[in-house]
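Protein sequences appear in the order of chains A and B.
Heads up, the first sequence is in the numbering used here, so the first residue is 1 and it goes up one at a time.
Heads up, the second sequence is in the numbering used here, so the first residue is 1 and it goes up one at a time.
One or more hints might be untrue.
Since copy identity is lost for identical chains, a pair holds within one copy or between any two.
Here are the simulated BS3-like cross-link-like pairs (lysine-lysine), alpha carbons at most 30 Å apart as the crow flies [claimed, not checked]:
#1 K122 x K192
#2 K278 x K85
#3 K198 x K323
#4 K122 x K323
#5 K192 x K85
Derived by calculation from the structure, the hints in this document are not laboratory data.
Number of protein chains: 2
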Amino acid sequence: MSQHDPITIAIDAMGGDHGVPVVVPAALAALERHPHLQLILVGDKATIEAALPTRDAAVSRLQIQHASQTVGMDEPPAQALRLKKDSSMRVAIDLVREQRASACISAGNTGALMATARYVLKTLPGLDRPAICTAMPARQGHTHMLDLGANVECTAEHLSQFAVMGSILATAVDNIEWPRVGLLNVGAEQIKGNDQVKEADRLLRQSDLNYIGYVEGNEIYGDRVDVIVCDGFVGNVSLKTSEGVAELISSYLREEFRRNPWNRLVGLLALPILGRIKKRIDPRRYNGASLLGLQSTVIKSHGSADRVSFGNAIDIAVVAVDKDVPARIDRHLERYLAGSDSP
Amino acid sequence: MSQHDPITIAIDAMGGDHGVPVVVPAALAALERHPHLQLILVGDKATIEAALPTRDAAVSRLQIQHASQTVGMDEPPAQALRLKKDSSMRVAIDLVREQRASACISAGNTGALMATARYVLKTLPGLDRPAICTAMPARQGHTHMLDLGANVECTAEHLSQFAVMGSILATAVDNIEWPRVGLLNVGAEQIKGNDQVKEADRLLRQSDLNYIGYVEGNEIYGDRVDVIVCDGFVGNVSLKTSEGVAELISSYLREEFRRNPWNRLVGLLALPILGRIKKRIDPRRYNGASLLGLQSTVIKSHGSADRVSFGNAIDIAVVAVDKDVPARIDRHLERYLAGSDSP
Numbered sequence: 001m002s003q004h005d006p007i008t009i010a011i012d013a014m015g016g017d018h019g020v021p022v023v024v025p026a027a028l029a030a031l032e033r034h035p036h037l038q039l040i041l042v043g044d045k046a047t048i049e050a051a052l053p054t055r056d057a058a059v060s061r062l063q064i065q066h067a068s069q070t071v072g073m074d075e076p077p078a079q080a081l082r083l084k085k086d087s088s089m090r091v092a093i094d095l096v097r098e099q100r101a102s103a104c105i106s107a108g109n110t111g112a113l114m115a116t117a118r119y120v121l122k123t124l125p126g127l128d129r130p131a132i133c134t135a136m137p138a139r140q141g142h143t144h145m146l147d148l149g150a151n152v153e154c155t156a157e158h159l160s161q162f163a164v165m166g167s168i169l170a171t172a173v174d175n176i177e178w179p180r181v182g183l184l185n186v187g188a189e190q191i192k193g194n195d196q197v198k199e200a201d202r203l204l205r206q207s208d209l210n211y212i213g214y215v216e217g218n219e220i221y222g223d224r225v226d227v228i229v230c231d232g233f234v235g236n237v238s239l240k241t242s243e244g245v246a247e248l249i250s251s252y253l254r255e256e257f258r259r260n261p262w263n264r265l266v267g268l269l270a271l272p273i274l275g276r277i278k279k280r281i282d283p284r285r286y287n288g289a290s291l292l293g294l295q296s297t298v299i300k301s302h303g304s305a306d307r308v309s310f311g312n313a314i315d316i317a318v319v320a321v322d323k324d325v326p327a328r329i330d331r332h333l334e335r336y337l338a339g340s341d342s343p
Numbered sequence: 001m002s003q004h005d006p007i008t009i010a011i012d013a014m015g016g017d018h019g020v021p022v023v024v025p026a027a028l029a030a031l032e033r034h035p036h037l038q039l040i041l042v043g044d045k046a047t048i049e050a051a052l053p054t055r056d057a058a059v060s061r062l063q064i065q066h067a068s069q070t071v072g073m074d075e076p077p078a079q080a081l082r083l084k085k086d087s088s089m090r091v092a093i094d095l096v097r098e099q100r101a102s103a104c105i106s107a108g109n110t111g112a113l114m115a116t117a118r119y120v121l122k123t124l125p126g127l128d129r130p131a132i133c134t135a136m137p138a139r140q141g142h143t144h145m146l147d148l149g150a151n152v153e154c155t156a157e158h159l160s161q162f163a164v165m166g167s168i169l170a171t172a173v174d175n176i177e178w179p180r181v182g183l184l185n186v187g188a189e190q191i192k193g194n195d196q197v198k199e200a201d202r203l204l205r206q207s208d209l210n211y212i213g214y215v216e217g218n219e220i221y222g223d224r225v226d227v228i229v230c231d232g233f234v235g236n237v238s239l240k241t242s243e244g245v246a247e248l249i250s251s252y253l254r255e256e257f258r259r260n261p262w263n264r265l266v267g268l269l270a271l272p273i274l275g276r277i278k279k280r281i282d283p284r285r286y287n288g289a290s291l292l293g294l295q296s297t298v299i300k301s302h303g304s305a306d307r308v309s310f311g312n313a314i315d316i317a318v319v320a321v322d323k324d325v326p327a328r329i330d331r332h333l334e335r336y337l338a339g340s341d342s343p
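Chain A on its own, in the form it takes in the complex (with noise of 0.2 Å):
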């Protein structure tokens, strides 16, 4: 990674379920991993400095900034960003603003990650809604689904604008040229859809995107292609449903492992095989979401992130800053939005 400019990161070191303790040794780990790489914490200092190790070489690059308030994971997002001025979700965002760093990243409360972050960094010219994009796993690789749930209704202008950034993310995660998008409806066939939908799929098909038409949320996990588009209340639906199904699973196969002594014995034989399977399925492997729409770059962690998880939240906004996305959709939608058809 040493071809890389520098680069500077701030974290919300008091959001999520755990804070500090998670978020500590998790910037630790991620400085190992990125030697360009700088972090500054937020929140409160006593706190940061305590979880510090005083002999660990990274620290160097490291730097806190104090923050005397905290945004609560039910708190309304409206009144984080009018009363929370010095909370360490606004100031990690107050200083991309500042250009003190490049993105930044936060396990805190959603809503009041992407209304103060809407409102400190603005969105880029030509589009006003952001959206929320991860990776969900497929068969090979992965799926990069997008919005997954800052806009409960959109109209065809924003699902294709959703589909630019998503395609762009796509390209600068996983390296992938021209990554094909999808529309996520009802079923394959033209008539299909709502209104929106069907817009959609007519504003995509004059794109110069990679728009392979029409998937159905099956298709979410198969390997037909790269970048899902829904709407917020369909994306959150689906990516919950998801968890839902993985949970039922679980249950069940603990069930049926207990059931009786020789089910028992042939669960403990299994076990690592049913660990590994787990492990390819833990929504921890692909936490880190992108507030795709944005200036700048703002990653956000899930809330009851481990270490391990955040660490990977962490490798997204540097791939993020690496490859400067913001400024790569920047560019693209301002094509797209003059109409031109060249890629």
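Based on these hints, arrange chain B on the given structure of chain A.
For chain B alone, coordinates are given in the frame of chain A:
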């Protein structure tokens, strides 16, 4: 079941991926299970006759109604309705209108079935949108979910009518006196959701249903709710997403249990246990979606249903007729539309 009055159900014997070879054995087995049941198999007379055993006692409760056409699985619904007036699907529905049968079942084209049933049988008074409802597996028992794809756009009024219909179906099928009804949303808080969902929430709070408020996608597979209501776009995506997750986990299981000879051996030992789990989440166990809101019972079987799962669809039709689900919905809706709050 001998306490029930005799009932007659018409079956589209040509619909689905398999047609007669699945429908005939499933029909004979259903006649064995339900001594009060009579069946009319609709389709090509010679094909059906060739598949019937000569000396099965149950055959006496089985009639054949010839139909010269079939509806293609991908045929546009409007075309099927206009040009296929002697299709096995259409004739089965006509038998219900002529009161020669109390319900019909088809494994054919869903769109054509819905359009034809709606045209021939009509919706209940005051209701203009039938919905597709099916049971999904949960930790204990299952959850009835609607709409699964009949209506890609719904008003708040439609959603609240779906809630009434789902609640009555859950009572009939599962003998739950006052089923818990939830509205699918992107969060549990009152401020979440799009306009239709928020307005439907307001309507349902005033209803006499056991309405528990918003539920999220993962709760489809939990035990907190008996009926989940959503528009057909969201419901269809959620259903297909679930299939995708289950397929992904199956493919990971196959891969991991084949990784090396030891895993293969453990996989062999675990096979019966994994088989039980597979059976528990097998969509075929839940085969038989109800087209609710019509003046009579119409059941859609999955196109790929085998004998056992087609039999499940027949069982659902039998229960719906025995319990007179359409009339119950009619009575409840009438009260509901009159704005009464009495139970």
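Taking the hints in turn, this is what the structure says about them:
{"no.": "1", "hint": "K122 x K192", "result": "between (35 Å within a copy, 23 Å between copies)"}
{"no.": "2", "hint": "K278 x K85", "result": "neither (40 Å within a copy, 52 Å between copies)"}
{"no.": "3", "hint": "K198 x K323", "result": "neither (32 Å within a copy, 40 Å between copies)"}
{"no.": "4", "hint": "K122 x K323", "result": "within (20 Å within a copy, 58 Å between copies)"}
{"no.": "5", "hint": "K192 x K85", "result": "between (46 Å within a copy, 24 Å between copies)"}
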